[in-house]
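Enquirer: Required output: the full structure, derived from the provided sequences and hints.
Under this note's numbering, residues 33 to 241 are what the sequence shown spells out, in order.
Just so you know, these hints were derived from the structure itself, not from any lab.
Don't be surprised by glycine CBs; every beta carbon is placed ideally from N, CA and C.
There could be a bad hint or two in this list.
Unchecked claim - Pair ranges (Cβ atoms, derived): (1) 228 - 102: 40 to 46 Å; (2) 76 - 180: 25 to 31 Å; (3) 60 - 170: 18 to 24 Å.
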Amino acid sequence: MLTSKRVKEAFDLEREPESLRNRYGNTVTAQGTLMARRLVEAGVPFVTVHWRTPQKSPLVSTWDTHADNFFHLRTHLLPELDKMLSALLEDLDQRGLLESTLVLAMGEMGRSPKWADPRVRGTKYQPGRDHWINSMFALFAGGGIRGGQVYGATDKVAGYPITKPVWPGDIAATIYHALGIRRDELLINDREGRRVNLLEEGEPIPLFS
33 MLTSKRVKEA FDLEREPESL RNRYGNTVTA QGTLMARRLV EAGVPFVTVH
83 WRTPQKSPLV STWDTHADNF FHLRTHLLPE LDKMLSALLE DLDQRGLLES
133 TLVLAMGEMG RSPKWADPRV RGTKYQPGRD HWINSMFALF AGGGIRGGQV
183 YGATDKVAGY PITKPVWPGD IAATIYHALG IRRDELLIND REGRRVNLLE
233 EGEPIPLFS
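Expert: Below you can see the structure in the form of C-alpha cells.
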C-alpha cells in the first residue's frame, strides 16, 4: 500500500490548493486531517488522526486539561476542532465520499464534572478537569449515519448516563457494522490456539439511516 504511486502522492499536501489547506487550518492536526481525506480518496481503508497540540502548561497536554480547562477549550481546542472537522465533512461530501466514509471523533475517556483537579492546588494555574470514565461523548458522521441526532443523555452535570447508556463494545460493534463486518467474521486464534472473538460484547448503536 505504501509503495503505490497513488498513496505516496496522497502524502503530498502541496498538491492541494492553499485555500483548502487554510480551510482546514494551519496546525499539525488540521493538516493531518486533510491528509486523512487524501488517503481515503487514494483508497486507504482505515485512517487515524492523532491530535497534536503544543503543550500550553505543565498540566495540560492536548485535551488532557488538568489545568486551565476553560481557557484551553475556548482559545484553541474547540476552535481548531470545529474548523478542521467541519472542513473534513464538507470536503468528503463535496467529493461524494461521505456516505462511504465513517468519521468518528472521540477520546479514550471523559472529563470530571467538577472542575477542581487537586494537582493545581498551590500553583498559578486555574482549576481543570480530571479523568472521568463514567461519561464522555463521541461524534459519528458519514458512513450511513443519520445526521442531526443525539443518542443518550447524562444527568445535569454530565457525570453519569441516565438514558441509553453506551459501552466501548457498542462503539466497536457500530464501527464493524458500518464496515460491513459480521460478528462471526471477527474470530481469531489467540497465542494458545484458542478461537476467540475480537468483539465479545456490544451491539451496534441504532444511528443508521
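Enquirer: For each hint given before, does the structure comply? Return the numbers of the non-compliant ones in rising order.
Expert: none
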